[in-house]
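Engineer: In case you want the letters, here they are:
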Amino acid sequence: MDIGFLGQYVVNGLMLGMMYSLVAVGFTLFFGVLDIIKFSHGDVLMVGAFAGLTTFFGLEAIGIESAWIQLVTIVVVSCVLTGILGSMIGKYLVLPLKSAPALNTLLITLMAGTVLRECIRLFFPDGSNPKPFPSLLPSESYSWGNFTLRLDSLMLLIFGTLVIVAISLLINKTKLGLAIRAVAQDGETAKIMGINFTLVVIVTFAIGSGVAAIAGIMNGLYYNEINFDMGLLLGVIGFSAAIVGGLGNIYGAILGGFLFAGLQTFGAVALPFASAYKDVFAFAVIIMIMAWRPTGLIAERTSERV
Amino acid sequence: MSNKIASPSLPISLAVIALGTAFAILFLGAENEYLIGSLLVFVTLAVVASSKFNILNRMYATFAVHEVLMQAAIVVATLLLVAWFYDDHFSLLMITAAMVYAIAAIGLNIQFGYAGVLNFAGAAFLGIGCYTSAVLGQYTNLPSMLILCLGGLVAAVIGTILILPVLRTSGHYAALVTIAFSILFKTFLEVNDVLGGPQGLNVKPTVLFGWNFNTNIEIRDEFEASFYLCYALLALFLLALAFIFTRRLERSWIGLSMDSIRLDETASACYGLNIALWKSVAFTFGNFLIGVAGAMYGQMLGYVAPSNFTFGDSLILVSIVLLGGIGNPWGVITAASIVILLPEKFQIIQEYRFLLYGIVVIFILLYRPKGLLPRQLRNYLPGGMKA
Amino acid sequence: MNRSSDLLLDCQGLTRHFGGLVALDGLDLQVREGEILGLIGPNGSGKTTMFNVVTGIYGAHGGRVEFDGNDLTNATAQQVYRSGIVRTFQRSRMCLELSVFDNIMVGNHRRLNHGLWFNLFKRGAFADQYKKNYAEAHELIEIFDPPLAERLDFPVDTFPMIDRRRIEICRALISHPKLLLLDEPSAGMTHDETMQLMDDILTVRKRLSGLTIIIIEHEMGVIERITDHCVVLNFGRKICEGTFKKVSTDSNVQEAYLGVE
Numbered sequence: 253m254d255i256g257f258l259g260q261y262v263v264n265g266l267m268l269g270m271m272y273s274l275v276a277v278g279f280t281l282f283f284g285v286l287d288i289i290k291f292s293h294g295d296v297l298m299v300g301a302f303a304g305l306t307t308f309f310g311l312e313a314i315g316i317e318s319a320w321i322q323l324v325t326i327v328v329v330s331c332v333l334t335g336i337l338g339s340m341i342g343k344y345l346v347l348p349l350k351s352a353p354a355l356n357t358l359l360i361t362l363m364a365g366t367v368l369r370e371c372i373r374l375f376f377p378d379g380s381n382p383k384p385f386p387s388l389l390p391s392e393s394y395s396w397g398n399f400t401l402r403l404d405s406l407m408l409l410i411f412g413t414l415v416i417v418a419i420s421l422l423i424n425k426t427k428l429g430l431a432i433r434a435v436a437q438d439g440e441t442a443k444i445m446g447i448n449f450t451l452v453v454i455v456t457f458a459i460g461s462g463v464a465a466i467a468g469i470m471n472g473l474y475y476n477e478i479n480f481d482m483g484l485l486l487g488v489i490g491f492s493a494a495i496v497g498g499l500g501n502i503y504g505a506i507l508g509g510f511l512f513a514g515l516q517t518f519g520a521v522a523l524p525f526a527s528a529y530k531d532v533f534a535f536a537v538i539i540m541i542m543a544w545r546p547t548g549l550i551a552e553r554t555s556e557r558v
Numbered sequence: 032m033s034n035k036i037a038s039p040s041l042p043i044s045l046a047v048i049a050l051g052t053a054f055a056i057l058f059l060g061a062e063n064e065y066l067i068g069s070l071l072v073f074v075t076l077a078v079v080a081s082s083k084f085n086i087l088n089r090m091y092a093t094f095a096v097h098e099v100l101m102q103a104a105i106v107v108a109t110l111l112l113v114a115w116f117y118d119d120h121f122s123l124l125m126i127t128a129a130m131v132y133a134i135a136a137i138g139l140n141i142q143f144g145y146a147g148v149l150n151f152a153g154a155a156f157l158g159i160g161c162y163t164s165a166v167l168g169q170y171t172n173l174p175s176m177l178i179l180c181l182g183g184l185v186a187a188v189i190g191t192i193l194i195l196p197v198l199r200t201s202g203h204y205a206a207l208v209t210i211a212f213s214i215l216f217k218t219f220l221e222v223n224d225v226l227g228g229p230q231g232l233n234v235k236p237t238v239l240f241g242w243n244f245n246t247n248i249e250i251r252d253e254f255e256a257s258f259y260l261c262y263a264l265l266a267l268f269l270l271a272l273a274f275i276f277t278r279r280l281e282r283s284w285i286g287l288s289m290d291s292i293r294l295d296e297t298a299s300a301c302y303g304l305n306i307a308l309w310k311s312v313a314f315t316f317g318n319f320l321i322g323v324a325g326a327m328y329g330q331m332l333g334y335v336a337p338s339n340f341t342f343g344d345s346l347i348l349v350s351i352v353l354l355g356g357i358g359n360p361w362g363v364i365t366a367a368s369i370v371i372l373l374p375e376k377f378q379i380i381q382e383y384r385f386l387l388y389g390i391v392v393i394f395i396l397l398y399r400p401k402g403l404l405p406r407q408l409r410n411y412l413p414g415g416m417k418a
Numbered sequence: 014m015n016r017s018s019d020l021l022l023d024c025q026g027l028t029r030h031f032g033g034l035v036a037l038d039g040l041d042l043q044v045r046e047g048e049i050l051g052l053i054g055p056n057g058s059g060k061t062t063m064f065n066v067v068t069g070i071y072g073a074h075g076g077r078v079e080f081d082g083n084d085l086t087n088a089t090a091q092q093v094y095r096s097g098i099v100r101t102f103q104r105s106r107m108c109l110e111l112s113v114f115d116n117i118m119v120g121n122h123r124r125l126n127h128g129l130w131f132n133l134f135k136r137g138a139f140a141d142q143y144k145k146n147y148a149e150a151h152e153l154i155e156i157f158d159p160p161l162a163e164r165l166d167f168p169v170d171t172f173p174m175i176d177r178r179r180i181e182i183c184r185a186l187i188s189h190p191k192l193l194l195l196d197e198p199s200a201g202m203t204h205d206e207t208m209q210l211m212d213d214i215l216t217v218r219k220r221l222s223g224l225t226i227i228i229i230e231h232e233m234g235v236i237e238r239i240t241d242h243c244v245v246l247n248f249g250r251k252i253c254e255g256t257f258k259k260v261s262t263d264s265n266v267q268e269a270y271l272g273v274e
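Residue numbers (my numbering), protein chains in the order written: chain A, 253 to 558; chain B, 32 to 418; chain C, 14 to 274.
Heads up, some of the hints might be wrong.
Partial pick of chain B residues on the chain A-facing surface, computed with a CB cut under 7 angstroms [stated by the list, open to error]: (1) Ala104; (2) Val166; (3) Tyr170; (4) Leu173; (5) Pro174; (6) Leu177; (7) Ile194; (8) Thr200; (9) Gly202; (10) Leu207; (11) Ile210; (12) Ala211; (13) Val222; (14) Val392; (15) Tyr398.
Just so you know, these hints were derived from the structure itself, not from any lab. By construction, the Cβ of each residue, glycine as well, lies at the ideal position given by its N, Cα and C atoms.
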């Protein structure tokens, strides 16, 4: 196989891995503070992308044409909106079911995701068809033989890395992060120590959802298209990534995200006669990993008291 | 498990069943959207009013005493319903589809209602049943009834691939395994050519004692019944078998072991319960029932395509169990009827049905987490018999 | 002193650690047939861990467990139960939404026929087995509390703590075990309720001749009242052994409890 061609796959894989990791980080944050899976996460991401698109139309309408201002506004607006959306799901759907079986939380958030998805499909103008997403990043590209590196891909990768670094600094170095980690370790004790449990949970949901919005916009910018059901597969993949890495561990989520992208890319490269099977391959490997390491690659701390 | 004291009353319970049947006939026969809308308003009011008079608990109490009679009454009611619409293709198709989904949901109920094994790939196993009957119908001359069994068997066997990861993982991790399988299965069907790709395959109709189910029933020139009549009767028969099976399972030491494992694995292990065994048994039985339902569904529809077996369809199956009341087969049957019939009949909401499912399930989870018909305590012996 | 003849449970050098924490550190513990052994010690001294290792919830990292002449080292929880050891849990672990009878039958697992054919198709024979066991459960729980026996068909979550403890102990005893491990049965109950429960246990024990009991308990009144023999643990090791009178005056024990240097 040609080296340049391979390089193309690598860049594409890294791009996918970055998006998956951003989604997986959200899953792992929610699991950390509440031990729950918020399955509407993928659809919150999709709402983020559509919020970005709407912001773009709004900016165009009032005559702001500068790509950079547009970009920054889009990111800020959609992060804030999805942050609010995520924390509302947390407050009104997830927290009330705190003492119910885990299945109920999983289902209620799955259904919340369905509601979001259907709302966009039914009520966004022409929502059932794919929407073109504006290319706001510079479109230069550099070529070395067969290998073409698009400047926008490079910028997205750098931006994604910065977001991940920022999140891990936030969790590990700030007072808020300390509160989040305290709640993740032991919610009851954290409460006794004067941490506002509900607030920490809601803020965590807002942060995780905001990160999902960034992944959604990256997805739009990279593929120049968004779709009402883009969140379903991205959500499932993000969930797989978080689980394979080991829930509750940010580095596990990142590892899982890149692993999944790697599997898909490998599937596409190594099965040239059947590259359509790349998702089948990736999910099959995920199932096998689950059989081998039932609590993920970076194992979750388990402490059942008997 | 509700245990309000209520006195049994056979007349009231039979009247409720009769009214329910009459309502179903009116509802399925109604052509006009306004009529359907007002019927829905009426039934909502009726349900609210009956809860005032503790009717539901009285029905539960009646079931506990006159179980066989009540079950017979419901079978007769269903037969009446089917007979009423004997020449109406659409209504019979709807009734049959609801029964097929009820069979599949009963299978799912064994898995997570009893043993607590999450399965978010219900639609995939339904699809395995469908595809099995398509392939076997095309390449072999096996009798239809055998194909139905084989549909279940193939689903159960393919399910065993997942048993190891499902057993080793728990909670969210286990959920992932079946979710991944659900997506893997649909993608696989879409991209391979042998099974027809996105277009799917044709399925041969059911043939029983030389009678092809896809021919209308004609007696001279005076009487003609829809060919769906046969499918409706077959579905009722299979549903009755599935119901008896799951009831006996629940009312046995095995059902008790499954409940105990669902509620507390550690304590169960300390009392000698073989957790892996009973989880595998529940998973396999469940997949078998789902597979049989799928095989029959395929033969009735005459074709099978991957788009019928998405992750969203698996979620609908899960919602049916949850809406009806986890662990209660009567609840599951009721919920399957609501979930299948309502959007088909009420065309205005057809477009909005996923949205409405979503909202309804959210409300159920928040305000009635045990479902419409909560499961009752186990009666080991059929109604009335006491130890 | 030669006790090996009537030894029921014999643990030698039992060791278990969690990461860097040594929960059991070479514990030797012998229980003779028919005795009631009190297992005491400060919080975190390894009492419940000892139960968990013996019952197969945790594996042992060292040492041997011998029960009734059989080697049970690192046996699974299922094997331990089948050999005749049952337990209760510190935080009563019942299936709250199931009936009292259902909960007791969970404990009767080894005496019930779990064959598929029997359960699904031989419903007549099943009904007979059901009726026999129902009568047996009724009889057992009547010893504890006659009114409770009339409410076998009620869900457990409708009962107060003392009744749940009684049900839990019935669940443990229904299968006629040889050894009963009671993990802090007084937790969540008043002093009077605890004493009442202890009377019940002693009554039942008289009926089931030869039942051996190990009890973990913080209420010394209970230990003094019912045990023949006590073992005191601290940091996963045995620091004292003997009658309650002896151990309660032992200086090592007082040190362990009061932290006197």
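Engineer: Give a verdict on every hint.
Structural biologist: Structure-based check of all given hints:
1. Below 7 angstroms, beta-carbon pairs count as interface contacts, and B:Ala104 has none with chain A, the closest being about 33 angstroms; its hint is therefore violated.
2. Against a cut-off of 7 angstroms between C-beta atoms, the interface hint on B:Val166 is violated, since the closest Cβ of chain A lies about 19 angstroms away.
3. At about 23 angstroms, the closest approach between the beta carbon of B:Tyr170 and any beta carbon in chain A exceeds 7 angstroms, and the interface hint on this residue is violated.
4. Hint on B:Leu173 is violated. Least Cβ distance to chain A is approximately 29 angstroms, over the 7 angstroms limit.
5. Because the beta carbon of B:Pro174 sits about 33 angstroms from the nearest beta carbon in chain A, more than 7 angstroms, this interface hint is broken.
6. Among the interface hints, the one on B:Leu177 is violated; its C-beta lies about 30 angstroms from the nearest C-beta in chain A, farther than the 7 angstroms criterion.
7. Against a cut-off of 7 angstroms between C-beta atoms, the interface hint on B:Ile194 is violated, since the closest Cβ of chain A lies about 10 angstroms away.
8. Residue-level restraint check for B:Thr200 holds (minimum Cβ-Cβ distance to chain A is 4 angstroms; threshold 7 angstroms).
9. Interface hint at B:Gly202: satisfied, since its Cβ lies 5 angstroms from the closest Cβ of chain A, which is below the 7 angstroms cut-off.
10. Interface hint status for B:Leu207: upheld, as the beta-carbon distance to the closest one in chain A is roughly 5 angstroms, under 7 angstroms.
11. A hinted interface residue such as B:Ile210 counts as satisfied when its beta carbon comes closer than 7 angstroms to some beta carbon of chain A; here the least separation is about 6 angstroms, so the hint holds.
12. Among the interface hints, the one on B:Ala211 holds; its C-beta lies about 4 angstroms from the nearest C-beta in chain A, closer than the 7 angstroms criterion.
13. Hint status for B:Val222 relative to chain A: holds, with the closest Cβ pair at about 4 angstroms, below 7 angstroms.
14. The closest approach between the C-beta of B:Val392 and any C-beta of chain A is roughly 5 angstroms, which is under the 7 angstroms cut-off, so the hint is satisfied.
15. Checking B:Tyr398 against chain A: minimum C-beta separation of about 10 angstroms lies over 7 angstroms; hint violated.
Hint check: violations occur at hints 1, 2, 3, 4, 5, 6, 7, 15; the rest are consistent with the structure.
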